[in-house]
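Now for the letters of each chain:
There are 2 protein chains.
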Amino acid sequence: MEQERTEIQDLGEFGLIDYLTRNIEIQNASTVLGVGDDAAVIDHFGKQTVISTDMLVEGIHFDLMYTPLKHLGYKAVVVNLSDIYAMNATPTQITVSIAFSNRFSLEALNEFYEGVYAACEKYGVDLIGGDTSNSQKGFIISVTAIGEVTPDQFVKRSTAEKGDLLCVTGDLGAAYLGLTLLEREKKIYLESPEVKPDLEDQTYIIGRQLKPEARKDIIEFLQQEDIKPTSMMDVSDGLSSEILHIAKQSNLGVVLYEDKIPIAQESKEIAMKFGLDPTACALSGGEDYELLFTMKQADYDKIVLNEQISVIGYMTDITEGAHILTKGGNKYKLVAQGWNAFQQ
Amino acid sequence: MEQERTEIQDLGEFGLIDYLTRNIEIQNASTVLGVGDDAAVIDHFGKQTVISTDMLVEGIHFDLMYTPLKHLGYKAVVVNLSDIYAMNATPTQITVSIAFSNRFSLEALNEFYEGVYAACEKYGVDLIGGDTSNSQKGFIISVTAIGEVTPDQFVKRSTAEKGDLLCVTGDLGAAYLGLTLLEREKKIYLESPEVKPDLEDQTYIIGRQLKPEARKDIIEFLQQEDIKPTSMMDVSDGLSSEILHIAKQSNLGVVLYEDKIPIAQESKEIAMKFGLDPTACALSGGEDYELLFTMKQADYDKIVLNEQISVIGYMTDITEGAHILTKGGNKYKLVAQGWNAFQQ
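Residue numbers (the UniProt record's numbering), protein chains in the order written: chain A, 1 to 344; chain B, 1 to 344.
Hints in this document: simulated from the structure, not taken from any laboratory.
Any given hint could turn out to be false.
Remember, identical chains collapse to one label, so a pair may be satisfied in a single copy or spanning two.
To be verified - Below, computed lysine-lysine pairings styled on BS3-like, alpha-carbon distance capped at 30 Å:
#1 186 to 268
#2 186 to 137
#3 137 to 211
#4 211 to 186
#5 268 to 162
#6 187 to 137
#7 137 to 70
#8 186 to 273
#9 122 to 196
#10 273 to 122
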């Protein structure tokens with residue numbers, strides 16, 4: 001008898017995670033929140049611990065041809081800290097495990113760890129463990145971040161309410177445009193190694209790709225202003241995908257205004273140059289590591305003067321679906337990769 | 001100018017870790033113990049959290065030709081739990097991240113997770129997070145285990161004292177012999193695929209390699225008997241390497257009696273068949289996941305009837321060095337890969 005074989009790509013990443021975690025039964029009273037959000041929450045006698053983990057694989061998540069190892073170490077930490085902040089928690093410790101092929105020298109690993117330590121210092125976290133081993137091919141990084149939060153002050157994705165304002169921090173799309181530029185320059189270099197790349201005017205978008213930051217400042221601002229978001233997550237896969245996560249998990253609909261999506265002037269210019277739609281880059285690009293959150297309308301006055309926070313829409317009843325209102329006045333169905341002009 | 005290049009193998013694994021962690025400065029008061037032991041310890045307002053992490057890489061740590069994926073999932077969890085028990089702590093949660101090439105089907109991943117969940121159930125821990133991604137080649141697993149311990153009841157490697165008894169649990173060398181047997185059968189199969197492997201008589205040593213267990217029972221026994229080991233670690237790299245860790249980190253010497261090292265009858269028989277010295281397998285084999293600990297002589301009466309605990313030596317002043325007294329009455333210097341007959 002032939003064995004059944006289902007291809008993993010048929011499920012997609014989230015389908016795969018759903019599938020693999022479908023039978024989990026929580027056994028410890030201290031496990032407050034398990035799989036399914038940016039991070040897990042553990043209650044250790046009054047204080048709550050938050051854990052998040054990510055794996056980065058050479059050739060899949062990064063290309064060492066244009067990624068300095070120091071930036072890679074920094075980014076590997078920051079993307080995990082971003083998950084902790086997205087829980088409304090404060091990161092306190094990390095573990096870093098790496099596997100590397102024999103083409104890496106000690107100097108190369110040292111450069112990587114310089115980036116790790118730079119991120120630890122900037123965000124005030126301790127590296128408390130890890131593992132190093134060989135790989136047959138390439139460089140593999142696994143980071144686990146641990147944080148703490150005042151009991152029950154953590155913020156999930158599933159608790160937005162109808163009428164809540166939808167907000168996002170910073171600007172979007174630049175990391176994707178930075179990647180597009182780096183990939184283009186790589187291609188040119190491989191075809192004509194004598195052509196020198198001219199990236200000087202593009203430090204903003206390249207920096208957003210190679211050395212992202214986590215929004216510690218926003219979590220501090222929200223605490224200072226006594227705002228507890230009703231739901232929150234970080235923008236790692238692209239705005240539309242993340243908005244749909246919050247809507248779906250909160251059992252709500254959503255309206256997004258295209259003209260409210262924050263996009264930097266540098267990003268608009270380079271998008272034009274590449275013939276790309278800046279809005280599409282923001283919706284589908286990913287790796288921005290900004291915070292997407294919902295909050296009560298009553299809190300609007302507290303954030304209106306903060307230029308780092310944009311209100312981009314609001315949550316509706318689930319029967320109204322998830323839509324984007326474009327600059328041109330059209331209403332399209334929001335889908336994970338942007339919008340769908342065929343299903344209004 | 002040429003860049004400096006130091007080869008990683010010149011340092012060895014522990015030298016590499018020492019090098020990469022040499023500049024760590026602890027920033028959070030809650031970080032009780034960082035890099036350098038089986039796991040880190042975090043103090044979260046009275047209760048202490050213990051974290052440990054390991055990365056397993058196909059072709060380096062395991063061979064899927066003879067490792068069933070379910071056993072691999074089980075083992076990946078157990079080796080991390082073993083580190084938590086080695087801190088005298090109780091594991092409570094794990095995260096599991098995997099990267100896999102496109103040769104893996106959903107059924108294959110499911111089999112792996114069946115093993116993960118079987119270990120979770122057996123040891124009473126919750127899977128609370130993780131990450132899945134593609135790899136360019138092979139299967140990569142990163143597990144982080146979290147545990148808890150009554151404040152300051154965790155046991156380090158560095159706190160053994162002169163005169164303490166050196167103890168080890170279970171028996172040693174079997175996992176290495178299981179690996180040797182599996183590697184031999186693989187070689188025969190690759191040369192003559194028509195020859196059927198006959199492993200039926202060897203279930204003990206193969207089980208010790210493919211499906212090890214962590215010594216939860218011992219930690220419970222020690223607590224029940226009110227014994228706090230003076231130092232402890234798990235045996236993952238081989239007995240002699242681990243004994244030297246405890247001696248070095250505790251700034252002591254040690255005497256090990258060859259005839260006290262526990263080795264199963266099955267292991268002795270297969271070692272003979274392979275022309276291997278059973279003691280050498282125990283000293284250098286590794287992957288036993290037994291507990292190695294030191295305790296006060298006054299606690300001896302409490303453990304003497306426990307057949308799972310063997311007293312194998314005692315700690316001495318550092319000036320006396322680290323030695324093994326062989327069955328033949330000779331005294332040799334203990335080295336990480338067994339003993340050295342040239343340096344007495």
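Verification of the hints:
With identical chains, the CA atoms of residue 186 and residue 268 are at most 30 Å apart within one copy only, with a shortest distance of 22 Å there and 58 Å across copies. Taking the shortest alpha-carbon separations for residue 186 and residue 137, both the intra-copy value of 21 Å and the inter-copy value of 23 Å come in at or below 30 Å. Taking the shortest alpha-carbon separations for residue 137 and residue 211, both the intra-copy value of 25 Å and the inter-copy value of 27 Å come in at or below 30 Å. Taking the shortest Cα distances, residue 211 and residue 186 sit within 30 Å of each other inside one copy (18 Å), while across copies they are farther apart (46 Å).
For the homomeric pair residue 268 and residue 162, neither the shortest alpha-carbon distance inside one copy (32 Å) nor that between copies (70 Å) is at most 30 Å. Taking the shortest Cα distances, residue 187 and residue 137 sit within 30 Å of each other both inside one copy (23 Å) and across copies (23 Å). Taking the closest pair of Cα atoms, residue 137 and residue 70 come within 30 Å of each other both inside a single copy (20 Å) and across two copies (24 Å). For a Cα distance limit of 30 Å, the shortest separation of residue 186 from residue 273 inside one copy, 17 Å, qualifies, whereas the shortest one across copies, 57 Å, does not.
In this assembly of identical chains, residue 122 and residue 196 lie within 30 Å of each other by CA distance neither inside one copy nor across copies; the values are 33 Å within and 59 Å between. Proximity of residue 273 to residue 122 under the C-alpha cut-off of 30 Å is found in neither arrangement, the shortest distances being 34 Å within a copy and 58 Å between copies.
Of the numbered hints given earlier, the model fails hints 5, 9 and 10; all others are met.
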